[in-house]
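Q: Protein chains in written order, with this note's numbering: chain G, 643 to 862; chain L, 32 to 253.
None of these hints come from the bench; they were simulated from the model.
Incorrect hints may appear among the rest.
What the hints assert, rightly or not - Result set (DSSO-like, lysine-lysine): computed pairs, CA atoms no more than 27 Å apart in a straight line:
#1 G:K712 x G:K778
#2 L:K227 x L:K46
#3 L:K103 x G:K778
#4 G:K649 x G:K778
#5 G:K712 x G:K649
#6 L:K252 x G:K854
#7 G:K854 x G:K649
#8 L:K46 x L:K103
#9 G:K778 x G:K828
#10 G:K712 x L:K252
#11 G:K778 x L:K252
#12 G:K858 x G:K708
#13 G:K708 x L:K103
#14 L:K252 x G:K858
#15 L:K252 x L:K47
As the list claims (entries may be wrong) - Far from chain G, by Cβ distances over 10 Å, these chain L residues were calculated:
#16 K46
#17 L51
#18 Y60
#19 V72
#20 K103
#21 Q107
#22 L113
#23 Y117
#24 L119
#25 V120
#26 P122
#27 R123
#28 P155
#29 L208
#30 T219
#31 G234
Cβ atoms here follow ideal geometry from the backbone N, Cα and C, with glycine treated the same way.
Single-letter residue listing:
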Amino acid sequence: MARHWWKALAILLLLYVIIAGFTVKIPIIGTNGQSSRGLFFHVPMWICMYTMYTISIVNSLLYLSKYDLKRDVLASSAAGIGTFFGVLGFATGTLWATYTWGGTLTDDPKQMCTAIAILIYMAYLVLRMSIHDLDKRARISAVFNIFAFALLIPLTYIIPRMVDSLHPGSATTPGFASKDTDGSMKLVLYPAFIGWTLLSVWIFTLVVRYRKLQLKNIFK
Amino acid sequence: MKKSNPIHQTFTLVKKDLTLELRQQYAFYGVLLYIVSTVFVINLMMGRPDDKVWNALFWVIQLFVAVNAVAKSFMQESRGRLLYFYSLVNPRCFIAAKLIYNVILMTLMSIIALVCSIAFLGNPIINPVYFVGMVLLGGTSISLLFTMLAAIAAQANHNAALMAVMGFPLIMPVLMLLANISLSAFVTVYQPELPKMFLLLGGMDILVIALTMILFPFLWKD
Numbered sequence: 643m644a645r646h647w648w649k650a651l652a653i654l655l656l657l658y659v660i661i662a663g664f665t666v667k668i669p670i671i672g673t674n675g676q677s678s679r680g681l682f683f684h685v686p687m688w689i690c691m692y693t694m695y696t697i698s699i700v701n702s703l704l705y706l707s708k709y710d711l712k713r714d715v716l717a718s719s720a721a722g723i724g725t726f727f728g729v730l731g732f733a734t735g736t737l738w739a740t741y742t743w744g745g746t747l748t749d750d751p752k753q754m755c756t757a758i759a760i761l762i763y764m765a766y767l768v769l770r771m772s773i774h775d776l777d778k779r780a781r782i783s784a785v786f787n788i789f790a791f792a793l794l795i796p797l798t799y800i801i802p803r804m805v806d807s808l809h810p811g812s813a814t815t816p817g818f819a820s821k822d823t824d825g826s827m828k829l830v831l832y833p834a835f836i837g838w839t840l841l842s843v844w845i846f847t848l849v850v851r852y853r854k855l856q857l858k859n860i861f862k
Numbered sequence: 032m033k034k035s036n037p038i039h040q041t042f043t044l045v046k047k048d049l050t051l052e053l054r055q056q057y058a059f060y061g062v063l064l065y066i067v068s069t070v071f072v073i074n075l076m077m078g079r080p081d082d083k084v085w086n087a088l089f090w091v092i093q094l095f096v097a098v099n100a101v102a103k104s105f106m107q108e109s110r111g112r113l114l115y116f117y118s119l120v121n122p123r124c125f126i127a128a129k130l131i132y133n134v135i136l137m138t139l140m141s142i143i144a145l146v147c148s149i150a151f152l153g154n155p156i157i158n159p160v161y162f163v164g165m166v167l168l169g170g171t172s173i174s175l176l177f178t179m180l181a182a183i184a185a186q187a188n189h190n191a192a193l194m195a196v197m198g199f200p201l202i203m204p205v206l207m208l209l210a211n212i213s214l215s216a217f218v219t220v221y222q223p224e225l226p227k228m229f230l231l232l233g234g235m236d237i238l239v240i241a242l243t244m245i246l247f248p249f250l251w252k253d
């Protein structure tokens with residue numbers, strides 16, 4: 643049981659985040675109204691996505707140095723879960739945009755860039771499906787994964803900072819941190835980061851266990 | 032290939048590709064026909080588009096031309112011939128040669144595409160020198176990225192559809208940058224972040240070249 647304390651922590655933190663996230667008194671920021679509560683669910687999704695993609699690329703690099711198929715299982719599972727969280731982050735973002743920007747799909751650069759980033763990783767998953775030989779699939783997809791991650795950084799970090807965006811925290815739009823004077827949002831937001839990240843790692847370990855069972859004849 | 036000097040190896044391979052191209056000319060005329068028919072179809076459908084649409088259409092044409100031209104450079108290498116190269120040359124020389132060859136090919140194709148577009152779709156360009164420079168830079172960027180993708184697709188059973196699936200999301204940031212930068216050639220717009228965008232494009236090109244050179248040896252082993 644001692645090894646599972648972090649799973650209990652994830653559940654407790656997420657329960658707190660969900661209950662407090664919908665009930666805590668938040669400052670009304672501009673036209674956001676109550677929609678600022680989306681912050682507790684939107685931002686952690688991106689943190690989960692980046693955690694998973696980082697796990698994925700590290701394992702791809704390790705695969706190319708040792709050619710150990712277990713690394714490929716770890717890399718592909720992490721990429722799949724990262725994409726899942728990316729889609730969730732995109733969905734929560736568009737939901738918020740519907741009520742504040744007045745459109746579900748706008749031509750805002752941040753929205754476009756994240757959509758492309760998710761498409762890149764979907765291409766990675768499609769590439770994996772198209773190759774049947776296990777070793778070849780592992781090698782080629784590891785190479786593509788490194789390529790994709792290298793292009794993900796300019797796409798989600800550099801380009802959105804160069805152009806004007808309506809997204810909070812961009813050049814002309816202030817973030818929420820400056821308006822949250824009594825810190826009630828931070829009190830929920832930081833536990834949310836930890837809770838959701840732990841949940842994503844938990845899902846990751848489960849998927850890896852399942853995938854390893856599927857391939858147990860190979861791993862022995 | 033007695034001299035094992037990497038630069039010599041690379042240039043021999045480039046020369047081999049160019050000689051093959053000159054003798055067969057199938058890829059060249061194929062892509063040429065592709066460009067002309069695409070531009071002509073656009074002309075039939077919408078006549079002479081205004082400058083913003085012209086710009087967008089031009090870069091989309093460039094994208095499809097690159098997919099066709101660059102994919103062919105790996106498709107023509109049969110499995111046996113790849114094995115032969117494997118025993119002869121360093122993989123880094125091989126991919127460097129492919130990069131150089133594709134840049135040359137794409138530069139040529141870009142200029143043809145530009146001439147065709149001006150002939151069929153009108154000429155809204157007010158700053159021609161700048162735009163020609165952009166076209167060459169853009170052609171280079173696109174061909175560099177697609178060379179690596181073509182190498183990956185060649186490993187995955189020469190699947191051309193796969194190349195489009197992998198390539199389009201990856202090329203989108205480059206295309207967005209190119210379309211934004213080249214807008215200055217059509218209208219006098221004030222773009223304060225223009226130098227930054229050039230820097231980013233150059234940085235991405237260097238990143239792609241570096242990654243290709245590092246990762247190709249892993250891809251090659253069969």
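Q: Each hint needs a verdict: does it hold in this structure or not?
A: Here is what the structure says about each hint:
1. G:K712 x G:K778: Holds, because 14 Å separates the two Cα atoms, which is no more than 27 Å.
2. L:K227 x L:K46: Not OK: K227 (chain L) and K46 (chain L) at ~36 Å, beyond 27 Å, violated.
3. L:K103 x G:K778: 22 Å, holds
4. G:K649 x G:K778: This hinted pair is violated, its Cα atoms lying about 35 Å apart.
5. G:K712 x G:K649: 24 Å, holds
6. L:K252 x G:K854: Holds. K252 (chain L) to K854 (chain G) sits at ~26 Å (cutoff 27 Å).
7. G:K854 x G:K649: Satisfied, since the Cα-Cα distance of roughly 21 Å is no more than 27 Å.
8. L:K46 x L:K103: 17 Å, holds
9. G:K778 x G:K828: 46 Å, violated
10. G:K712 x L:K252: Holds, because 20 Å separates the two Cα atoms, which is no more than 27 Å.
11. G:K778 x L:K252: 9 Å, holds
12. G:K858 x G:K708: 20 Å, holds
13. G:K708 x L:K103: 33 Å, violated
14. L:K252 x G:K858: 26 Å, holds
15. L:K252 x L:K47: Holds, at roughly 22 Å.
16. K46: 28 Å, holds
17. L51: Per Cβ check, L51 (chain L) is outside 10 Å of chain G; nearest 26 Å; holds.
18. Y60: 30 Å, holds
19. V72: 27 Å, holds
20. K103: The claim stands: K103 (chain L) keeps its Cβ more than 10 Å from every Cβ of chain G (closest is about 20 Å).
21. Q107: 20 Å, holds
22. L113: 14 Å, holds
23. Y117: With a cut-off of 10 Å, Y117 (chain L) remains clear of chain G, as the shortest Cβ separation is near 15 Å.
24. L119: Holds, because the least Cβ-Cβ distance between L119 (chain L) and chain G comes to about 22 Å, which exceeds 10 Å.
25. V120: 20 Å, holds
26. P122: 12 Å, holds
27. R123: 14 Å, holds
28. P155: Answer for P155 (chain L): holds, closest chain G Cβ roughly 22 Å.
29. L208: 8 Å, violated
30. T219: 20 Å, holds
31. G234: 8 Å, violated
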